[in-house]
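Trainee: Each chain, letter by letter, is given below.
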Amino acid sequence: MLRTLWYSSRLRGWTAQIALLGGLACLLWWIGGNTIDNLAERGIRTGFGFLTRPARFPISETVVAYTPSDSFLWAYVVGVANTIWLSVITIGLATAGGLALALARLSAHPMLSRLAAAYVTVFRNIPLIVQLLFCYGVATSVFPAPRLALNPLPGVFLSLRGVYAPALTLGQGAGWVFALSALLAAAFALTARRWPANVPTAWRVTGASGLWVLASIVVWWLAGRPIGLESPVLTGLNFRGGSYLSPEFTAIIIGLSLYTAAFAGEIIRGGIEAVGKGQWEGGRALGLTERQIMFKVILPQALRIIVPPMTSQYLSTVKNTTLAVAVGYPELGLIVNTVINQTGQALESIMIMLGVFLTISLSVSLLMNWFNARIALVER
Amino acid sequence: MMDHLKLTALLAPMASLLLATAAQAATTLETVKERGRLICGASQGTPGFGAPDGDGYWRGLDVETCRAVAVAVLGDKDAVDFVPLSGQQRIPALQTGEIDVLPRTLTWTLQRDANGINFTQPNYFEYTGFMMPKSLGIAKVEDMAGASVCVQTGSTTEVVVNDVSTKHQLDLQPVVFDNTSAARQAFFSGRCDALITDAGALASVRASMAKNPDDYIIFPATPYVDALTPAVRQGDDQWLDIVRWSIQALIAAENFGITQANAEEMLQSEDPRIARFLGTDPGNGTALGLKDDFAYQIIKALGNYGEMFDRNVGEHSPLKLERGYNALYKDGGLMFPLAFQ
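Line order of the protein sequences matches chains L and D.
Under this note's numbering, think of the first position of the first sequence as 1, with each following residue one higher.
Under this note's numbering, think of the first position of the second sequence as 1001, with each following residue one higher.
Calculated from the structure, these hints are not laboratory results.
Beta carbons: idealized from backbone N, C-alpha and C, even for Gly.
Facing chain L, a subset of chain D residues (Cβ under 8 Å, in silico):
| id | residue |
| --- | --- |
| 1 | 1087 |
| 2 | 1088 |
| 3 | 1162 |
Turn these sequences into a full structure, and let the hints guide you.
Mentor: Rendered as structure tokens:
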């Protein structure tokens, strides 16, 4: 009996698994207990109680509203929002840029394709942090001081403080004006279809949109002009009012997008080149134009190849946003650093940061996997 | 990547929290003596307070404070290793035992005191200040409305910016950097109207980084004075005492009129207080676990607090700071010697 048990590979397998799992659990238990002991011995206060206390430190720019009297928890939320905001914009810009790069590299035009190749070589081979510092250096050195700001368009000011531009101000009834204008747009679009058949499309579009703009202005006027433009004004040391793009944000967005676009471009090019030559030939035989073949035949098939490596590219982009601390943009990493310094609760703060990045990354992964499953070839 | 490195630097001491076992029960004094070297936290380069000179030799007021402890414990002012730490690395580094003493322009605050470190004896008193280009024509906080301010994290100044902005309704626009030199460069490139940090550090930055130091003005951000104080880990009272009384020795020596030059002569002094201080009348040093003449050795190696001040940040330095709050109590300052008995 024992002998058969001893030689049962199934039983031995299970025993090994259980022993391994048990060992792992013991190790984690030991590390956990040890950490708590060490923290207590060194007089380091632990726990997440600090999260509800007011943060008291300023954050230079935020996507969601924040004042220093908000809690540490809210400061983290602000950091997460900034990180996501940064990631989304960068991924969008880098994907568009990457597609343009890939198409440029594949084009028959020798100048265009070589320029694209040179771009990829340069941007892929310089460390990201160097590019970011370079972008920030440019943003904070080529422009004049606010009092001497460049003014290329009325209401737009370029200076060392960043870009100030007019902002929309929404008064009472602005929502109604937008709603009515949207309705008008739908109405004109519908009537334009019913115009006589001999009217060319270009005319229809210009005519309908012209009428729509005129009608919208009339509505805006009648409603008491609730939507206005507020131009930034130089008062004291800085511009006030208007909308604002800081040098820090500009530097990280431009730097990170240019860098990521180089990688995205190569992934997309690889995907396109992996689609068989026969597809092109088939498309031509059907009388499709080159553009139609690219966008309707090749790219949809290339997507299957592009999506998995692109997923990892997106993931590293999300993680790369932590480099924004180098140029002073308050993403999650910078906020975590500040909180650690203000509260001394390093372990908790780092744990929160780990949790947040894991969540963001897993979400991106899941989304991309779902997308990948959707576009996969359905085999019958 | 730079940031990843920093995170690693933060995480490495944390790993020691996870894995270190309770076996290391040795006191800090024993550990330092056995190692034969003292390890001090230092700044990433604030000339006058802590920075390596052209030959790589660390100089500065904070640095010499640390050397004083090294003399007291090991009898050698050069038996010290300095670990440059950023603002947010410095406290975890002390708590996890990476360094023995943290003299790094660290403000004594309640939150820090309550959250895992102990403060010893202030070695520098000062206000938090703003530095601005004179060309902007602003010389006091009330006129700073709308100014953008370069701030470095890991300091108490982030909170000060907010306090000042709220109090005077200035709508200050902070630009926060996690790296000291990045904040300073951004200020000198014109990204911000003002730079905020301790006034002494501002003077240091002005003397070492400005093209023409006279183009910049420094003024107080708040009416309050902070005590910059070397800190030690919680839970080792003997070590706390050693560091505190080593710094005290510098101040007391100035009060007694003992200098590096006359220390040997003073050994003959008839004054019983001075005799106890210098250890000719024994008892003080051994009570701390040190040699009885530890104070004498410190003064012999480094001079008294006044000499140290003049050499590093005062009249014999590029910073040219006034003694101000850092004068002895009898000259109207805040430096107060305790009783060596």
